[in-house]
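Colleague: Input sequences plus hints: build the corresponding full structure.
Protein chains: 2
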Amino acid sequence: MFKQNKILPNALYIQSGGMTSVINNTAYTIIQTVKKYPEKINKLYAGIYGIVGVLEDNLIDTSTLTEQELEGIKNSPGGVFGTSRYKIKSLNDDLPLYKKLVNILKKYNIHYIFYNGGNDSADTALKLSKISSTFNYKLCCIAVPKTIDNDIACTDVSPGFGSSAKYIATSLYEASIDLKSMCKTSTKVFIMEIMGRHAGWLTAASAVWKEKDSDPPHICLLPEILFNQKKFLKMVSKYVNKYGYCSIAVSEGLKNENNIFLSNKKMSDSFGHVQLGGVALILSEMVQNELGYKCHYSIPDYLQRAGKHLCSKLDIEIANAVGKAAVEFAIQDKNNVMPCIKTIQNKPYKYQIEPISLNQIANVERKLPNDFIDEENLTITTKCKEYITPFISGEIYPKYDKNGKPFYISFT
Amino acid sequence: MFKQNKILPNALYIQSGGMTSVINNTAYTIIQTVKKYPEKINKLYAGIYGIVGVLEDNLIDTSTLTEQELEGIKNSPGGVFGTSRYKIKSLNDDLPLYKKLVNILKKYNIHYIFYNGGNDSADTALKLSKISSTFNYKLCCIAVPKTIDNDIACTDVSPGFGSSAKYIATSLYEASIDLKSMCKTSTKVFIMEIMGRHAGWLTAASAVWKEKDSDPPHICLLPEILFNQKKFLKMVSKYVNKYGYCSIAVSEGLKNENNIFLSNKKMSDSFGHVQLGGVALILSEMVQNELGYKCHYSIPDYLQRAGKHLCSKLDIEIANAVGKAAVEFAIQDKNNVMPCIKTIQNKPYKYQIEPISLNQIANVERKLPNDFIDEENLTITTKCKEYITPFISGEIYPKYDKNGKPFYISFT
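Which chain is which? The protein sequence lines are W and L, in order. Mapping the first sequence onto numbering that gives the first Met the number 0, position 153 (from 1) lands on 152, and the numbers just tick up by one. Mapping the second sequence onto numbering that gives the first Met the number 0, position 154 (from 1) lands on 153, and the numbers just tick up by one.
Keep in mind that the hints were calculated from the coordinates and are not lab data. Take these hints with a grain of salt, some might be off.
[What the hints assert, rightly or not] Incomplete in silico selection of chain L near chain W, CB under 10 Å:
#: 1; residue: GLN14
#: 2; residue: ASN108
#: 3; residue: SER409
Don't be surprised by glycine CBs; every beta carbon is placed ideally from N, CA and C.
Modeller: Have a look at this one:
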């Protein structure tokens with residue numbers, strides 16, 4: 000593609016949107032895979048704070064990183080290079096921004112972009128891909144999937160989901176066992192608020208090990224099912240009477256029967272998404288006021304997406320796999336695609352990676368399928384459990400120093 | 000002591016109060032240590048749901064447990080035998096209860112009690128010890144320390160503290176790195192609400208790895224220091240301006256300048272303690288309203304005391320050590336004592352275990368010493384960090400099955 004240039008092209012890696020505990024594994028693999036093709040790509044740069052840093056000419060040359068820094072990257076949560084929530088307009092609506100960007104790309108001789116993000120980021124990558132034709136500047140854009148929400152279209156799972164799902168399932172199981180041990184004379188109800196604005200994948204994951212009616216969580220309040228207060232309170236009461244306690248998983252995006260978020264927060268982020276939080280408190284007060292049960296609630300918030308201290312083996316494996324595929328697609332001139340995971344079989348889990356056009360992915364949200372939801376019993380189906388199980392299997396731990404401090408790094 | 004009885008006495012193990020992630024390690028060690036003295040103690044029973052179960056004649060004979068169950072005990076969070084929050088009155092105030100209890104003890108030939116709890120439980124153990132003289136029934140009462148709050152008097156550390164402290168320090172570090180990576184265009188402030196009603200040990204632990212002013216958490220709001228809103232907001236603003244973000248640890252027991260809990264919750268538990276929760280939400284709204292910074296908050300709640308998935312090595316070691324010492328003290332006829340940890344040296348950490356009279360321990364709360372608190376900078380001192388470090392060092396993980404489910408058990 001670029002042979003005629005004689006000077007080898009460089010590449011750019013960008014982290015985008017909310018972080019996952021394994022996005023840096025993808026970053027690490029992209030850095031290492033690029034090194035395997037010295038005849039195709041010269042250097043890999045990374046934007047500091049994502050696309051925002053790129054627009055400010057704030058880039059880091061990853062070829063200067065030490066072995067210890069490289070090890071630190073795959074060991075760390077967050078986004079080691081920094082990320083941004085910044086929705087760029089289309090080329091027609093903000094030509095000056097694109098001109099600025101093209102100048103930066105030219106300055107660094109960048110002809111490949113690896114855009115590591117979710118649905119919004121796939122849209123951004125698609126917009127950037129228009130640069131090629133408009134500015135007559137060869138640019139290959141590859142979106143690399145990442146989100147704890149598991150809502151990216153066209154991929155059977157999103158890297159980042161498995162580790163958050165594992166954190167949530169483990170944490171709610173642990174808290175439920177604690178609750179169970181003290182329910183006779185103390186707290187009877189525990190509620191855990193889980194991320195996932197519109198898609199209930201993570202909330203569903205809390206119930207992945209549930210086999211019997213007595214197993215926690217007893218109630219899963221998914222964002223796909225409108226909240227019915229009467230039914231909810233009746234079920235809480237039933238479980239407390241039957242088993243002495245009731246353990247509840249609730250999505251931050253739970254909506255009432257008028258399709259309005261239960262949460263009382265009114266803030267919104269830079270994409271105009273309503274910032275949620277607080278539904279656990281609302282349900283907790285409801286349970287205490289209406290049923291008189293002592294109730295505790297947990298809102299892990301960022302803890303559930305930054306919990307590098309307990310990652311899923313398969314999640315890290317696929318986070319690495321999409322990084323490797325992204326570089327391979329780039330050097331095969333596969334432009335405007337995302338490496339997507341396609342499940343071949345579930346037991347044992349086998350997958351392959353396919354390039355899917357960004358047109359099919361951008362701004363599409365993959366919700367929990369209807370046959371994954373047991374609406375009657377406010378829980379998930381066996382099919383859903385079978386889907387989630389491989390992604391939370393196997394434990395990967397970070398490295399710690401002798402004082403128990405995990406060896407985490409950051410370039411921001 | 001009991002040689003004249005010919006029939007060997009039995010012992011009783013009781014879990015009490017709020018759980019820790021390592022109390023079951025103490026339970027396991029007590030079970031196994033009792034087996035080493037077959038000439039002194041016949042059987043060890045455990046109360047189901049603690050003292051409440053004992054009063055209902057609900058006991059389990061631990062000699063019937065399988066090898067797999069025993070392994071499961073030390074692998075599990077919560078209290079495998081169940082616990083209770085039940086404050087018994089003194090013998091003079093509730094003679095019928097004591098008569099009932101003595102009947103149960105006689106029925107099972109129980110002459111040793113291992114009461115595994117915190118300050119309230121030491122008081123209960125002390126009350127039970129009066130049975131001996133009043134009913135002319137030989138009874139040896141040993142309180143065994145346990146609490147995440149680290150507030151038990153006379154012991155240099157409480158088993159359970161180290162693992163919760165490790166969970167908190169690790170989780171806040173992870174969330175802070177996530178925050179730092181996205182602060183340029185999104186959330187600027189993160190607040191984590193930490194347990195510890197009156198003593199700031201766990202909140203302090205969040206800052207154990209802080210070396211530089213830029214290291215998170217930037218602000219530690221301890222319950223020992225009354226909250227000053229003006230100073231707090233000024234500091235938040237300073238850190239956001241200086242480093243782009245501000246990470247905050249706050250105790251659930253934070254009080255305002257009128258010595259009133261900031262938290263808006265009005266519930267109280269069976270000991271009359273006010274049930275706290277919600278201070279993170281109050282501070283978050285304060286930061287958003289007064290400074291306009293996007294703010295996230297986390298309330299781990301039970302997750303911080305049930306996080307068996309990441310335990311501290313030394314914490315598990317001392318949880319085992321107090322269990323072993325408890326049995327040894329009992330067979331040495333050391334009545335009405337608690338095995339307490341006495342630090343010999345800090346680097347490397349060495350300790351010994353001493354029997355301390357329950358009179359010195361019951362209902363006394365050990366607060367954070369003044370020289371552990373840097374009130375000026377709302378953080379902790381080097382001395383405090385040096386104290387905490389050994390207790391959070393070393394990682395112990397539970398066993399998981401092939402589906403990623405931790406192997407946890409419960410007898411309730």
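Colleague: Each hint should be assessed against the structure and marked as holding or not.
Modeller: Now the hints, each set against the structure:
1. Because the closest C-beta pair between GLN14 (chain L) and chain W is about 7 Å apart, less than 10 Å, the hint holds.
2. Taking 10 Å as the C-beta contact cut-off toward chain W, the hint placing ASN108 (chain L) at the interface is violated, the least distance being around 25 Å.
3. The closest approach between the C-beta of SER409 (chain L) and any C-beta of chain W is roughly 6 Å, which is under the 10 Å cut-off, so the hint is satisfied.
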